[in-house]
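Trainee: Sequence:
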Amino acid sequence: MNSPASVAPQLPETIFRAYDIRGVVGDTLNAETAYWIGRAIGSESLAQNEPNVSVGRDGRLSGPELVQQLIQGLHD
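In the working numbering, the protein residues as written are 1 to 76.
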(Lines of atoms letter the chains of each structure in order from A; the text may use other names.)
(Lines give C-alpha, C1' and ligand atoms only; values in the text may rest on other atoms or scores of the structure.)
Protein backbone atom coordinates (compact mmCIF):
# COMPACT_ATOMS: atom_id res chain seq x y z
CA MET A 1 0.00 0.00 0.00
CA ASN A 2 1.55 3.28 -1.02
CA SER A 3 -0.46 5.97 0.70
CA PRO A 4 -3.68 5.46 2.60
CA ALA A 5 -6.71 7.61 2.07
CA SER A 6 -6.90 10.60 4.38
CA VAL A 7 -10.30 9.48 5.66
CA ALA A 8 -10.86 6.00 7.02
CA PRO A 9 -13.02 3.79 4.82
CA GLN A 10 -16.00 2.01 6.33
CA LEU A 11 -14.60 -1.28 7.57
CA PRO A 12 -16.70 -4.45 7.35
CA GLU A 13 -18.40 -5.04 10.71
CA THR A 14 -18.14 -8.80 10.20
CA ILE A 15 -14.37 -8.80 10.83
CA PHE A 16 -14.68 -7.59 14.42
CA ARG A 17 -15.20 -10.26 17.07
CA ALA A 18 -15.36 -10.02 20.85
CA TYR A 19 -11.80 -11.32 21.16
CA ASP A 20 -10.07 -10.68 17.83
CA ILE A 21 -10.31 -9.48 14.24
CA ARG A 22 -10.84 -12.05 11.48
CA GLY A 23 -11.39 -11.72 7.77
CA VAL A 24 -10.64 -13.20 4.38
CA VAL A 25 -7.46 -11.66 3.00
CA GLY A 26 -8.17 -9.88 -0.25
CA ASP A 27 -11.88 -9.75 0.53
CA THR A 28 -12.80 -8.36 3.96
CA LEU A 29 -9.23 -7.89 5.16
CA ASN A 30 -6.39 -6.21 3.28
CA ALA A 31 -3.43 -3.89 3.83
CA GLU A 32 -5.62 -0.77 3.93
CA THR A 33 -7.94 -2.37 6.48
CA ALA A 34 -4.94 -3.32 8.64
CA TYR A 35 -3.59 0.23 8.41
CA TRP A 36 -6.86 1.79 9.59
CA ILE A 37 -7.27 -0.75 12.38
CA GLY A 38 -3.78 0.26 13.51
CA ARG A 39 -4.77 3.93 13.43
CA ALA A 40 -7.85 3.22 15.54
CA ILE A 41 -5.99 1.10 18.08
CA GLY A 42 -3.18 3.64 18.30
CA SER A 43 -5.59 6.52 18.84
CA GLU A 44 -7.54 4.66 21.50
CA SER A 45 -4.33 3.53 23.20
CA LEU A 46 -3.07 7.10 23.46
CA ALA A 47 -6.46 8.33 24.65
CA GLN A 48 -6.22 5.77 27.46
CA ASN A 49 -2.71 7.06 28.28
CA GLU A 50 -1.21 3.72 27.22
CA PRO A 51 1.52 4.32 24.63
CA ASN A 52 2.53 0.64 24.31
CA VAL A 53 0.84 -1.86 21.99
CA SER A 54 1.98 -5.42 21.29
CA VAL A 55 1.59 -6.87 17.79
CA GLY A 56 1.68 -10.55 16.90
CA ARG A 57 0.74 -12.73 13.96
CA ASP A 58 0.58 -16.29 12.79
CA GLY A 59 2.64 -17.81 9.98
CA ARG A 60 0.31 -17.20 7.05
CA LEU A 61 1.84 -15.70 3.92
CA SER A 62 -0.35 -12.59 4.19
CA GLY A 63 0.98 -11.83 7.68
CA PRO A 64 4.04 -9.70 6.90
CA GLU A 65 2.15 -7.17 4.77
CA LEU A 66 -0.76 -6.93 7.19
CA VAL A 67 1.53 -6.51 10.20
CA GLN A 68 3.61 -3.89 8.39
CA GLN A 69 0.52 -1.82 7.62
CA LEU A 70 -0.95 -2.31 11.09
CA ILE A 71 2.28 -1.02 12.64
CA GLN A 72 2.36 1.90 10.20
CA GLY A 73 -1.16 2.79 11.30
CA LEU A 74 -0.10 2.60 14.95
CA HIS A 75 2.76 5.00 14.25
CA ASP A 76 0.71 7.45 12.18
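It is worth saying that the hints were derived from the structure and are not from the lab.
Please read these numbers as outputs of a predicted model, since none were measured by experiment.
Beta carbons: idealized from backbone N, C-alpha and C, even for Gly.
Any given hint could turn out to be false.
[As the list claims (entries may be wrong)] Using C-beta positions, here's what the derived DEER-type ranges look like: (1) N49 to G26: 32 to 38 Å; (2) D27 to N52: 28 to 34 Å; (3) A47 to V25: 17 to 23 Å; (4) Q48 to D27: 29 to 35 Å; (5) S54 to A18: 14 to 20 Å; (6) G26 to E50: 28 to 34 Å; (7) D20 to S43: 25 to 31 Å; (8) H75 to D20: 18 to 24 Å; (9) A47 to F16: 14 to 20 Å; (10) V7 to G59: 19 to 25 Å; (11) V67 to P12: 27 to 33 Å; (12) S6 to R60: 26 to 32 Å.
Trainee: Run every hint past the structure and note whether it holds.
Mentor: A quick look at each hint next to the structure:
| no. | hint | in the structure |
| --- | --- | --- |
| 1 | N49 to G26: 32 to 38 Å | 36 Å, holds |
| 2 | D27 to N52: 28 to 34 Å | 31 Å, holds |
| 3 | A47 to V25: 17 to 23 Å | 29 Å, violated |
| 4 | Q48 to D27: 29 to 35 Å | 31 Å, holds |
| 5 | S54 to A18: 14 to 20 Å | 19 Å, holds |
| 6 | G26 to E50: 28 to 34 Å | 32 Å, holds |
| 7 | D20 to S43: 25 to 31 Å | 19 Å, violated |
| 8 | H75 to D20: 18 to 24 Å | 22 Å, holds |
| 9 | A47 to F16: 14 to 20 Å | 19 Å, holds |
| 10 | V7 to G59: 19 to 25 Å | 33 Å, violated |
| 11 | V67 to P12: 27 to 33 Å | 19 Å, violated |
| 12 | S6 to R60: 26 to 32 Å | 30 Å, holds |
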